[in-house]
Structure formats: structure tokens, C-alpha cells
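Asks: Just so you know, the sequences run in chain order A and B. In this text, residue positions in the first sequence follow our numbering: the first is 2, and each later residue adds one. In this text, residue positions in the second sequence follow our numbering: the first is 2, and each later residue adds one.
Calculated directly from the structure, the hints in this document are not laboratory data. Careful: at least some of the hints might be erroneous.
Identical chains share a label here; the pair holds if one copy fits it or two copies do between them.
Stated by the list, open to error - Distance condition first, Cα-Cα at most 27 Å in a straight line; then the derived BS3-like pairs of lysine-lysine:
id, residue 1, residue 2
1, K375, K221
2, K249, K314
3, K324, K220
4, K314, K368
5, K221, K437
6, K375, K8
7, K24, K375
8, K221, K167
9, K249, K42
10, K283, K324
11, K435, K324
12, K193, K437
13, K314, K24
14, K249, K307
15, K274, K24
2 protein chains.
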Amino acid sequence: MTPDEFKKLGYQLVDWVSEYLTKVGDYPVCSSLQPGEIKEKLPAQPPIKAESMADIFQDFEKVIFPGMTHWQHPGWFAYFPANNSPPSILAELLTAGLGAQCMIWKTSPAAAELEEVVCDWLRQMLALPKGFVGVIQDTASTSTLVALLTAREKATAFQSNIRGMKEPLCVYASQEAHSSVEKDVKIAGYGKESLRYIPTDENYALIPELLEQAIEQDKKQGLTPACVVATLGTTSSGAVDPLEPIGKICQRHKIWLHVDAAYAGTAALLPEKRWILEGVEKVDSFVFNPHKWMLTNFDCSAYFVKDKEALIKTFEIHPEYLKTGVDAVVNNYRDWGIQLGRRFRALKLWFVIRTYGVEGIQALIRKHIALAQKFREWLEADSRFEILAPTHFSLVCFRLNDGRNEAALNELNRIFHDRINQSGQIFLTHTSLKGKYTLRLVVGSRTTEEKHVQQAWEIIRQAADALLGGGKS
Amino acid sequence: MTPDEFKKLGYQLVDWVSEYLTKVGDYPVCSSLQPGEIKEKLPAQPPIKAESMADIFQDFEKVIFPGMTHWQHPGWFAYFPANNSPPSILAELLTAGLGAQCMIWKTSPAAAELEEVVCDWLRQMLALPKGFVGVIQDTASTSTLVALLTAREKATAFQSNIRGMKEPLCVYASQEAHSSVEKDVKIAGYGKESLRYIPTDENYALIPELLEQAIEQDKKQGLTPACVVATLGTTSSGAVDPLEPIGKICQRHKIWLHVDAAYAGTAALLPEKRWILEGVEKVDSFVFNPHKWMLTNFDCSAYFVKDKEALIKTFEIHPEYLKTGVDAVVNNYRDWGIQLGRRFRALKLWFVIRTYGVEGIQALIRKHIALAQKFREWLEADSRFEILAPTHFSLVCFRLNDGRNEAALNELNRIFHDRINQSGQIFLTHTSLKGKYTLRLVVGSRTTEEKHVQQAWEIIRQAADALLGGGKS
């Protein structure tokens with residue numbers, strides 16, 4: 002490919018992306034293709050001869066594109082968002098063009114130093130305590146694994162790394178904690194049986210008294226409590242575990258306190274939401290994902306720790322072929338996490354924060370929260386709906402409830418949910434809260450405006466009409 | 002940013018990338034900035050107000066760019082390569098524009114099915130056995146961790162995930178295995194003391210007889226051998242552990258055999274290099290990185306397993322909020338590794354393989370290997386140089402040797418190495434082989450032609466002249 006061909010193709014793809022971002026709302030949010038339909042259209046053998054980009058791009062449009070789920074769709078109300086944005090896309094293009102592998106300072110000083118700076122920008126934006134230092138990981142799954150490993154090492158005087166997991170260590174999280182906690186507990190060698198699920202209150206927040214009881218019971222039995230994972234903004238309902246009392250308990254018992262704020266951490270950009278961080282000075286590590294609700298292309302997970310030395314001591318390794326003359330005075334981020342190789346992820350964060358400014362990001366988050374609140378008010382005004390959890394952020398949990406028994410309600414809501422998604426115009430996912438089939442509507446797409454939430458409400462109301470008859474307020 | 006502004010900026014960045022790839026050889030390979038110099042030029046506080054892309058891009062050019070290490074430089078002979086390529090960059094642009102998070106089939110059917118197809122293309126390209134199935138991980142560090150975790154679970158009837166690491170398990174790798182093996186052994190809870198480093202022969206390849214002795218000794222002591230990690234193309238010298246005898250030993254003792262072919266796996270694209278895979282049918286898992294030597298932007302690590310069910314059983318987790326109606330009939334790759342969230346990495350592989358064709362990639366690899374061979378011959382013809390390892394692929398290990406004692410030789414070669422890199426035109430890294438300070442020259446950059454290897458030889462010879470006087474052949 003000559004430079005001129007590259008340029009021409011590059012312009013075409015820039016045009017394509019621009020048009021895609023403008024028109025993404027015109028597509029069905031989810032593909033209607035069935036499993037195997039895309040695979041069938043792809044050759045089973047690799048091409049021996051070179052093919053033209055014209056052919057490849059045509060196949061992209063004909064074969065691949067119809068099988069995409071459109072995460073940037075204004076009707077995306079599913080899971081949590083994974084925003085991209087124009088400046089972030091431009092930064093990803095530069096990152097790909099530079100093709101730098103940023104494992105250590107030497108292999109790209111600018112990447113290492115920019116990462117240090119933008120992580121501290123994020124710390125300030127969220128009003129995390131001074132002294133917390135940040136590093137970019139790929140996902141919150143990884144960040145929480147890094148926290149559990151550091152906690153494991155601290156609890157065993159860094160001997161688990163040497164001798165293996167010989168001591169009986171325990172981990173604590175609420176019943177509503179993300180599935181990655183269980184997965185990470187397994188990976189780190191604790192074993193699932195060492196994970197204590199602490200019951201939650203009526204708002205799905207961890208009950209600190211029950212946490213302390215569980216800790217004391219384990220200690221009585223000769224077990225060592227190693228880590229508590231608190232969640233700000235649980236996946237199912239957006240619940241907020243109270244950091245202040247949890248932090249006091251962890252300090253009292255000398256337990257590593259990790260906070261999973263993957264989605265809701267971004268809300269701490271807003272002074273009016275900063276109450277979620279009350280007690281954060283007692284926290285040992287904290288993760289939130291700019292790739293979720295902060296306009297930065299996946300993947301980009303911001304992980305903060307108070308005790309940088311413990312983190313590094315957990316992961317550092319110094320083979321001869323990675324030694325450089327400046328190792329003592331720089332951040333070699335390979336020692337701050339699991340992978341050796343690292344992408345230049347700081348660049349897109351820098352582009353995003355500067356393009357929007359803190360105020361611009363705040364305005365977007367505030368708008369999403371207000372839209373979710375509005376949607377919630379519409380539900381509240383219609384007696385066919387039941388709201389199932391508080392709406393601290395931009396997630397609303399609800400279901401139809403006409404008084405039939407719980408099993409029948411679950412079946413009704415499953416059908417209701419299917420009908421809503423069959424519209425193709427919006428996409429909601431579900432969860433289970435106290436055994437109740439629960440629909441989740443998350444406002445978080447960069448492209449979602451009030452009219453889209455109104456349209457969602459229209460679709461949801463019509464689906465309710467079809468199943469239950471017209472609404473009464 | 003309006004669509005028109007995005008387009009205009011996009012064109013500018015496409016032009017910039019095109020020019021960068023054309024002129025990358027004009028820059029010093031490594032930045033000459035000192036630690037802290039970039040940080041000093043960046044504001045310590047995040048911007049409150051939005052800034053223009055013109056300002057941001059100007060800062061990119063003035064502040065960030067001078068601090069980049071140029072991995073795509075034709076004078077890049079360091080570490081291993083991390084190739085990008087025009088089609089891969091274009092695919093990354095599309096991936097960023099689509100902004101899809103591909104954790105499960107439902108969240109992008111095309112990404113899941115394309116991943117299945119291109120992984121099988123890779124399997125065929127490397128002539129890996131039928132029945133091996135592939136998945137894209139981020140790095141070989143992660144792939145090897147995934148292998149060690151699956152091996153751990155198989156060795157304990159999947160009880161370590163439940164009860165923790167209670168059994169005394171052992172892992173085996175050669176003394177020359179990559180540092181990620183030790184790091185991963187720690188992360189997975191085995192403990193470093195469970196890792197047996199098996200001595201290597203005069204070519205730095207694992208000695209199978211010593212492997213079996215170590216296994217038998219451990220078994221006698223009541224320990225359970227869980228995993229052997231063999232390396233094809235070690236980092237220090239490119240050594241090749243013999244899979245056939247190692248595989249037989251692993252089968253005899255029922256031990257998971259993982260192969261780390263991160264760099265050299267790509268060489269198996271060439272029929273004349275396929276001898277490295279002799280015995281691969283006895284292997285349980287295999288990793289190589291298309292992001293190293295196969296023109297695909299970092300990150301992209303291809304991980305293959307024979308027993309897919311064991312892999313999934315190790316990692317699967319099924320919270321209500323991730324369940325979909327098609328889970329039984331699709332590949333949900335979140336269950337094939339550590340992270341829940343996943344980028345659409347298959348797209349760039351598909352673009353690369355089709356743009357170059359298998360023959361195009363083979364031609365590039367063959368060229369690199371021939372250039373390394375040529376460089377080796379130049380060294381061999383100059384009596385001041387000593388070659389320290391076989392050159393199976395495109396890595397040449399060498400040093401100056403004028404007969405002084407080993408400590409003095411190490412000091413001499415350290416100075417020699419510094420002088421070479423100070424040219425700014427080429428970048429070599431070092432390792433230690435049997436205690437000897439060893440310079441490594443790896444030919445692997447997409448932009449490296451014969452003239453660049455000649456230039457490297459010129460620089461190296463002049464540095465030798467300056468230290469030892471003119472060469473004698």
C-alpha cells in the first residue's frame with residue numbers, strides 16, 4: 002500500500018466513521034442475524050494471495066457490519082455504556098499509527114509521563130485524596146484482580162508470591178458485587194469458598210455491621226481477612242456501598258479495601274454526587290473506567306492505589322533484557338499490573354479531557370442523570386410499573402407489576418423485555434433483584450438526547466399496553 | 002465537534018500518520034529526553050474549559066512526539082518487533098469508530114464469529130493441528146497466565162477455583178523462559194518456589210532428560226506436576242525447546258504442556274521453519290503474538306487450546322445480567338480468558354491477512370530471516386566479534402571478544418552497546434547469556450530493508466573500531 006493509497010483509504014474510512022457516528026441511530030441497535038450466519042459468509046481458509054482493500058472493505062460493509070451491535074446508538078440503554086467520542090477516535094488513530102509498545106519508560110517516555118499526568122488529572126477530577134497514584138489498566142476485571150493480588154501479598158508479607166497460597170485468606174464483597182470479583186478471587190488462588198458475600202440492605206448496599214461480623218467470625222476460626230471489595234454503582238441496580246463505615250472496619254482489622262466504581266466513578270466528577278466518596282481516604286485502591294461513561298474508547302480502566310510500593314512489590318520482575326539505565330527514577334508501568342506489553346492509552350484520555358474540558362464532561366454526565374430521573378418519574382406516574390431500586394446515577398430498575406404472583410411476574414417481565422428489544426430501536430438488558438426479573442435502563446450513550454428517552458418510554462409503554470392494557474396513573 | 006470538523010481533523014491525522022510511516026526512519030529511534038522533561042511541559046491540573054483540537058494536536062507534536070520511541074523505525078533492532086501496518090491501522094480506526102465492546106456474542110455477533118474464523122485461519126497458516134481452537138488475548142503474558150490457570154484447574158479436578166490453592170503443584174520451564182512465566186506463576190497462586198527452572202543445552206534449549214528428572218523428583222516428594230512451559234524462540238537468544246520429547250514426557254506424566262511462541266510462532270508460516278512445531282500435536286496450549294512479527298497492531302495475542310472445555314470451565318461465570326438466549330450455541334469469549342470486556346481485535350487481523358495474503362506475510366518474514374543471516378555472516382567474517390547463539394529466526398546474539406577476562410568483556414560490551422545506541426540511528430537491546438553481556442540484533446520491523454541492516458553493520462563496526470581498532474578477518 003503506497004502512502005497515497007493509504008491516505009485515500011484513510012479519508013474514506015474517516016468519512017465512513019463520521020457518517021456512522023451521525024447515523025448510528027438509524028440502525029437497529031442489535032443485529033438480527035442468527036448464530037453462525039456471519040461465519041457462513043466468511044471463507045474457511047485464509048487467502049494465499051493479497052486482496053485489495055476495496056474488496057475487504059466491501060466485505061466489511063456486507064458481511065461484518067450487519068452483525069454489529071451498536072454500542073454508540075442513542076437507543077443503547079443496555080449493560081453500562083462504553084462510550085467512544087470523536088477526539089478519542091482520533092487519538093486511537095494516532096496511537097495505531099505510532100505503533101509504540103509502552104511497556105517501560107524507555108520504550109516510550111512520552112507515554113509513561115503522559116500516563117502519570119492524566120492519571121493525576123483524573124484523581125483531581127474525582128476529588129480522590131492526594132497521594133493516590135494512578136495507572137491505566139485494560140478493564141475493571143483486571144484492576145480488581147490487581148487489587149486482590151496486592152491484598153494477598155500484603156496479607157502474607159509478600160510470601161504468597163514466593164511460597165504459593167498456603168494461608169487461608171478471606172475476601173469480602175456484597176451480594177451485589179460484580180461477577181469479576183468471584184472470577185478474580187478464583188484466578189488469584191483464594192478459591193471461591195474464601196469469598197464471603199455480605200447481605201445488602203433494602204437499597205442493595207452492603208450492610209457494614211454484617212461485614213464486621215463476618216470478619217470477626219473468620220478471625221475466630223483462624224482465617225486471615227485479606228481484602229474487602231466495596232462497590233460504588235453495582236451492575237444490577239447502581240447501589241452504593243457506604244465507604245465510611247466499611248473503611249473504618251477495614252482500618253480496624255487491617256484489611257485492604259478496594260473500591261469498584263467502574264461505572265459510577267465518573268459521577269464523582271459532579272460535586273453533587275461526591276457523597277459517594279465519603280470515606281474514600283480510608284480506601285487502599287480504587288478503580289473506575291473512563292471507557293464506560295467518560296467518552297474514552299474501550300479499553301481504558303483507571304486504577305488508583307495509596308501504597309504504590311505494595312503494588313510494585315507484587316508485580317515487579319527484572320530480567321536482564323528489560324533493564325535500562327533509568328529504572329530507578331522512572332515509572333515502568335509493566336510493574337504496575339499483570340501484562341508486560343502495554344498500549345499507549347493515555348493519549349486518548351488526554352485528547353478527551355482537553356477536548357471536552359472538565360465542564361463538558363460534567364455537563365454530559367449531568368444530562369444523563371437528569372434524563373434517567375425523568376424516565377423514572379414517568380414510570381412512577383404509571384401504576385402498572387414498579388421501580389425496584391434507587392436511581393443514584395443514570396440506571397433505572399423497573400418491572401411491570403399487576404399483582405400476580407412472583408413466578409408469573411417474572412414470566413410476564415421476560416416477555417415484556419423481549420417485546421421492547423424486538424422494536425430494534427432500543428436495547429435494554431435485565432438482571433435479577435431479590436429474585437425478581439428486573440429491566441434495567443441505563444442512560445449513558447454520548448448520542449442519547451431527551452427525545453431518545455421519550456421514544457424509549459413510548460416503546461416501553463406500548464409494550465405494556467399490549468400485555469396489560471392501557472396505563473392508569 | 003461537528004461531523005465536518007471530525008472529517009477535516011481525521012484527514013489531517015491520516016496525512017500525519019502516512020507521513021510518519023514514510024519518514025519514521027528520519028527520526029532518532031529513541032528519544033533523547035531525560036526522565037521528567039515531558040511531565041514538566043504538561044499542566045499539572047486538568048483543563049476546566051474545552052480546548053481546540055488545533056491546540057491539542059500542536060502539543061502532541063511539540064511535547065509528546067519528541068518523547069516517543071519509534072518502534073516502527075527501520076533501525077529498530079531492539080527487544081522483539083511490534084509491527085503495525087497500513088491495513089492494521091485502518092482497521093484500528095474502524096474499530097475505534099464502531100466503539101463496540103465485544104465481551105459476548107450478543108454484544109457483537111460479527112466480532113465473535115470473525116474471531117472464530119480468523120483464529121482458525123491462523124491455525125491453518127501455522128499448520129497447528131486440527132482441533133486446536135483459538136481466541137485472541139491481549140498479550141502473551143495473559144495467554145500464559147490463562148494456560149497456567151487452566152493447568153492448575155485440570156491438575157486439581159477444578160477444585161482450586163473452589164477451595165483455593167491447597168495442593169502443592171509444580172510448574173516447569175527452561176532457564177531461558179520469559180519473565181512472564183515467573184510473574185504468572187506468582188499471580189496464579191503457585192508461588193515462585195513451585196517453578197522449576199530446567200537447565201538448557203549449549204544452544205539454550207531445554208534439556209528434556211533434566212525435565213523428566215525434575216518431574217520424577219517432585220512426584221517422589223508428593224508434589225503434583227501441573228504444567229510445563231516450553232518456549233519456541235526465547236527472548237534472550239531465540240532458542241527452540243524440543244516439543245517432541247517434551248510432549249512425550251508431558252503425556253507420560255499427564256502434565257499440561259503450554260508453548261510460548263510469542264515471537265517465533267510467526268516463523269511457522271514458513272514451511273522451512275515448521276520443524277520448530279515437531280511434536281506440537283502433544284501440546285495442550287500454544288500462544289504466538291501477531292502483534293509482534295505479523296503486521297498487526299499491538300495488542301493481539303493468539304492463544305490456542307486443544308481442550309476448549311477445560312479452558313471455559315476454568316473461567317466461565319454466569320451472572321444473571323450477562324445471560325442471553327443464545328449462550329448455549331455461541332462462543333462467549335468472556336469465558337475464554339480473564340477480562341470481561343474485550344476489544345474487537347479480530348478486525349485488524351482480518352484486514353492484515355487479506356491485504357498481504359499468506360504469501361505476502363511469508364515473504365516479509367523470509368526477508369527478515371535472510372537479513373539476519375546476512376548480518377550474522379558479516380559478524381562471522383570479523384574476528385573481533387563472537388556469536389553467542391544459533392540464529393534460528395531473525396535474532397542475532399553477539400559481542401566483542403578480544404580475549405580479555407569475562408568481567409572486562411562485560412564492561413567493554415556495555416560501553417560498546419551504549420556507543421551503538423548513541424548513534425540514534427539504530428536501537429539494540431541486550432541480554433545476559435551464561436553471564437555474558439550480549440547484544441541482540443533482531444530484524445523484524447516492516448520498514449527494515451537490506452540497506453538498514455548494512456547501515457547497522459556500519460555503525461557497529463565503527464563502534465568496534467573506536468574501541469578495539471580496525472577489524473581483522
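Asks: Among all the numbered hints in the text so far, which are the ones the structure does not match?
Replies: Hints 1, 3, 4, 5, 6, 9, 10, 13, 15 are the ones this structure does not satisfy, whereas the remaining hints hold.
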